[in-house]
Structure formats: structure tokens, C-alpha cells
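Participant: With the hints as extra help, turn the sequences into a complete structure.
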Amino acid sequence: MSEAATAARSAAVPEGLSPEVTSEAAPQAKILLVDDEPKSLFALQELLSTLGQNLMIAQSGEEALRLALKNDFAVILLDVRMPGIDGFETARLIRSRERSRLTPIIFLTAAADEMGSMFRGYEVGAVDYLQKPVVPEILKSKVAVFVELHRKSERLKESEDKLRRLAAHLISVREEERAHIAREIHDELGQVLTGLKMEVTWLAKRLREKPLVEKTDSMCKLIDTTVQTVRKIATGLRPEMLDDMGLIAAVAWQAKEFQKRTGIRCRAKLPPEVKLDIDVSTTMFRIFQEILTNVARHSRATRVDMELGVNDERVSLEVTDNGVGIADSDLNGKKSLGLLGMHERALLFGGEVKITGTAGHGTRVSVSIPLRQRT
Amino acid sequence: MKVIIADDHPVVRQGLRQMLAVEQDLTVVGEARNGQEVVELSRRVPWEVAVLDYNMPGKNGLELIKELRQRYPGRAVLILSMYPEDRYAVRALKAGAAGYLTKESAPEELVSAIRKVAGGGRYVTPTLGEKLALELEDNRGKPLHETLSDREYQVMWMIASGKTVRQIADELFLSPNTVSTHRTRILRKMNMKSNAELMHYAIAHHLVD
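Protein sequences appear in the order of chains A and B.
Sequential numbering of the first sequence, starting at 0, is according to numbering that gives the first Met the number 0.
Sequential numbering of the second sequence, starting at 0, is according to numbering that gives the first Met the number 0.
Careful: at least some of the hints might be erroneous.
Unchecked claim - DSS-like cross-link-like pairs, simulated, lysine-lysine; straight-line CA separation at most 30 angstroms:
(1) A/K259 - B/K141
(2) A/K255 - B/K1
(3) A/K255 - B/K141
(4) A/K204 - B/K1
In case anyone wonders, no lab produced these hints; they're calculated from the structure.
Facilitator: See the structure below:
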């Protein structure tokens with residue numbers, strides 16, 4: 000049996016298609032032709048060869064299935080009447096597989112009486128129906144449309160992939176940078192201030208005149224407030240607890256801070272402390288922060304309940320508030336960049352974020368991230 | 000008393016040295032810049048009190064405390080840290096430190112802390128002591144603010160943060176009347192008479208910044 004027959008003659012581009020198609024860089028799209036009659040297959044091949052795409056042929060449903068398992072086709076031309084598995088059954092099986100779930104299928108039917116079964120064809124996933132003998136121009140332009148569609152979705156997939164990798168890169172770069180700046184600010188600036196204060200104190204001890212002592216006192220106070228500011232800035236950039244004590248302590252602190260800052264009660268249920276991968280910890284912590292930001296900004300809640308769980312396989316986080324509830328339109332809206340960020344962060348480690356909300360009954364966010372092999 | 004000081008920052012070490020030099024009964028017998036140096040120094044020179052920065056390069060603070068305590072059970076480790084005590088002090092004390100001070104502490108405080116831990120005692124700052132006491136007290140019975148409903152807690156927090164009834168009503172999308180009703184109930188539940196009392200309580204219990 001013939002495996003894959005390619006007919007790659009120079010393409011005569013059909014009219015009405017975007018000029019991008021002509022760019023020589025575009026890889027050939029694969030088209031599958033299925034017919035039990037060698038003569039019909041040959042005719043189809045001849046007809047479509049002018050499109051300049053990679054034509055593959057199959058003479059039975061089984062063969063078509065095998066090919067569909069290994070290839071992504073721009074379109075499949077499928078003869079309805081074949082011995083063995085017929086066209087409908089073949090289409091159903093092709094469509095039932097994840098890889099070819101959305102592959103467009105054009106049915107070819109020989110006799111007029113089969114047009115009655117058109118509905119069956121559409122049911123199993125046909126996108127079009129052509130009656131034999133096919134009109135060459137119609138067939139060609141229909142196939143060309145699917146080729147173009149395929150190419151566009153490939154390009155879309157590619158750029159989606161690039162964007163995702165870019166986002167991942169940006170997230171990790173930003174995290175590193177924050178950690179670095181936080182450390183610099185806290186350690187360098189903080190220590191210098193400490194040294195400075197000690198010097199001022201030393202000086203103060205040697206002063207006898209009251210106005211001078213008052214001056215050094217106020218200098219000390221000024222240094223103290225500056226130290227506090229430095230600490231606040233550093234912790235805001237990256238809480239040092241995350242690195243020193245781990246995720247659980249950091250989350251507990253964040254929950255407390257949140258209650259202190261917003262007046263919204265935050266109850267935390269936490270597991271005993273364990274050492275977790277630092278990147279997973281950072282991801283979980285940042286997602287938790289983002290959830291709290293959303294609660295404070297949009298929920299009008301008076302209470303947040305959070306639970307953190309860790310087992311051998313994953314770390315999970317559930318946050319529920321009693322606020323107004325998130326609307327579906329907000330979940331996917333243009334403004335939900337924060338939510339998108341949460342998803343992207345989780346995705347980076349193969350995790351997921353689920354958000355459910357009912358108007359008036361609060362919002363629930365579930366995050367789950369698998370733990371990498373711990374050493 | 001023989002004291003070891005350890006900090007990765009020269010300014011801080013210098014400051015400490017100057018500060019302790021004035022005291023007749025204290026002698027700085029050695030300085031270290033990181034955890035490893037502390038361990039080496041502790042073997043080489045005789046000492047009674049080690050004043051350590053919590054966060055030095057190399058070994059982390061807790062490990063260092065544990066190691067020194069294990070090798071020299073009779074001697075005291077005092078932590079002098081950049082980090083606020085509410086987050087780290089209890090851990091350090093649990094790990095075996097005899098005391099925890101932040102670098103904002105007044106020099107006199109450090110000196111008296113060294114004297115105290117050298118004698119085998121423990122040193123906590125008054126602020127931390129108060130906090131620990133509050134926690135004990137809170138454990139005995141429910142603290143008053145826990146008797147409030149979630150909404151009442153929020154209103155209480157807003158009053159304690161200095162917001163007026165009008166502002167609270169606007170922010171929470173409630174009528175001023177409702178807010179006033181909440182306020183009355185909060186004061187009754189917490190057995191208080193005024194907003195000022197409420198504020199004082201909230202600050203003492205670290206419910207507001």
C-alpha cells in the first residue's frame with residue numbers, strides 16, 4: 000500500500016487568498032485523501048496537486064485512522080462508501096481522538112441518494128459535503144480555504160507559545176530582580192543606618208549641652224523611622240520570610256498583615272511547616288497575594304478563609320471570601336490581567352487556578368501546584 | 000565578661016566595638032564576619048556571650064544558634080537583628096538564643112541585655128514581653144475582639160484606624176445609621192465607652208498598624 004504520496008509541484012495560488020500564503024517560508028500543510036477506489040484517489044491527487052501541499056492518501060478507513068494518529072491534517076477528504084469501516088465511522092473515530100478532534104472533514108459521496116445521509120455526516124463532524132463527480136474548481140477552493148485556516152491556527156499556536164514563554168521569563172526575571180533589590184536595600188542600607196545610629200549614640204554620650212543632646216535624640220529617631228521604611232520597602236518587594244522560613248510562615252504572616260491592613264478578617268488553616276521548593280513557594284505566595292489584593296479591591300467581603308495543604312504530590316491553596324462574588328464576565332474580561340497572571344504563574348509549574356463565584360455568595364479560588372521531585 | 004561579636008557589616012561591628020568599649024566590665028575578645036568564622040572563633044578564644052547578627056552569609060541564624068548551644072551549653076547567644084522581633088524572636092529563643100534585640104534598640108538596652116544573659120538569664124524586650132503576655136492572656140479566654148462578628152470587626156478596625164462614621168458608611172456602602180448601630184454594639188460587646196478606648200485596644204493587640 001502506498002504510504003504517503005507527496006505532490007509538491009510549484010503552487011498555483013488560488014485567488015482571493017491573503018498574500019501571506021505565497022511566502023516561500025510557509026511549510027506545506029498536510030491533506031489526507033481517503034477513498035477505496037485507486038482511480039478516484041488518483042483523480043483527487045491530480046486535481047489538488049496544483050495547491051502545492053503535502054497530499055497523503057489512504058485506501059481504507061483503518062489506514063486513514065492510522066495516519067490521523069500521527070499527523071495533523073489541515074483537512075481530510077473522506078469517501079463515504081468504503082468497505083470495512085465506512086466514512087461515517089472513520090470520521091467518528093478520527094473526531095474522538097484528542098489530536099484530530101477539530102480536524103475539518105469533507106465527505107465525498109457518489110450517489111444522489113446518499114445526500115439523505117448528509118445529516119449523519121454533519122453529526123459525526125463533517126464540515127462540508129461534496130457530491131461526486133466533484134467540480135474541480137469548487138473542490139480546490141474549498142480545500143485551499145482549509146489549508147489557509149490551518150496555517151493561521153498554526154501560526155497562532157506558535158505565537159501563543161512564544162507569549163507564554165515570554166511571560167514565564169518575565170515572571171522569573173521580575174522575581175529575581177525583586178529579591179535582589181530587596182536584599183540590597185535591606186542589608187546594605189539597613190546596616191549602614193544601624194552603624195550610623197551607633198555613631199550618633201556614641202556622640203550623644205559625650206555631649207553635655209542640652210540642645211545638642213536633643214539634636215542627637217531626634218537624629219536617632221529619624222534613623223529609626225528610616226530603618227522601618229527600608230524594612231517595609233524590602234518586605235514589600237520580597238518577604239524575607241519566604242526564603243528564611245518557607246511558604247507556610249510567609250503565608251501566615253501575609254494573612255495577618257492583610258487583616259491588619261484592611262480590617263477584613265482572615266482566618267488561616269495551615270499545615271505544619273515543611274520545606275518546599277523555593278520556586279513553587281514563591282509562586283504560591285504571589286498567587287495568594289494576588290487573591291488577597293482582589294478581595295480587598297473588589298469583593299466587599301468582611302471575611303476571608305484560607306487553607307493551605309501540602310502532601311507528597313502537591314501543594315494546594317483554597318481561599319474563600321464572603322463578598323459579592325465574581326461575575327463570569329469579570330473572569331474573562333479585559334481587566335482581569337491579575338487573574339491571567341495567576342493562571343500563568345501556576346501554569347509555569349504545571350499547576351492550575353480555579354475561580355468560582357456566585358453573585359452575592361462570595362468567591363472561591365482553588366490553586367493546586369504539583370511538587371517537583373524533592374531531593 | 001568576654002564577648003564575641005559577629006556581623007557581616009564593618010560599620011555595625013565598629014559601632015558595637017565602640018559601644019562596648021565604654022563599659023568597664025565588658026571586653027570584646029573577637030570579631031567574626033560570617034557563620035563559619037563564628038564557629039572557628041568560638042573554638043579559639045574564651046568567651047561568655049556571643050552577640051550575633053541573625054542574617055549573615057553562610058549559615059543561617061537558627062542553625063548557628065543551635066550549633067553554639069550544642070557545643071557550649073553554658074554560654075549565652077544574643078541575637079542582634081535587622082528583622083522585627085514579632086517575626087523572628089520566638090524562633091530564635093526556641094532555638095536556644097538567650098535573647099533577641101533589633102538593631103534599633105538603644106545601646107543601653109544591648110549592654111544590659113549582655114549583662115543579663117551572661118548571668119544565665121534570658122532577655123526579651125519590653126515590647127516582646129508584652130506581646131507574649133498578651134498571647135498568654137488571649138489563650139486563657141477569647142480576646143474581646145473575637146466576640147465581634149466579621150462585619151463588626153471590620154467596622155471596629157475602621158474606627159480604630161481613625162475613620163469617621165460617614166467615611167465608614169461610604170466605604171462599606173452602608174447607611175450612617177447602620178454604622179452607628181454597629182458601633183454601639185461593638186462598644187457594648189467590648190465593654191468600652193469611646194472610640195479612643197477602642198483605638199488603644201486595637202493598637203495594643205496589633206490589630207492596626
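Participant: With reference to the structure, classify each hint as holding or not holding.
Facilitator: Comparing the hints with the structure gives:
Between A/K259 and B/K141 the CA atoms are separated by roughly 19 angstroms; this keeps the pair inside 30 angstroms, and the hint holds. A threshold of 30 angstroms between alpha carbons decides the hint, and for A/K255 with B/K1 the separation of about 40 angstroms lies outside it, so the pair is violated. Only pairs whose Cα atoms come within 30 angstroms are accepted, and A/K255 paired with B/K141 is accepted, the gap being roughly 18 angstroms. Under the criterion of a C-alpha separation no larger than 30 angstroms, the hint pairing A/K204 with B/K1 is consistent with the structure, at around 23 angstroms.
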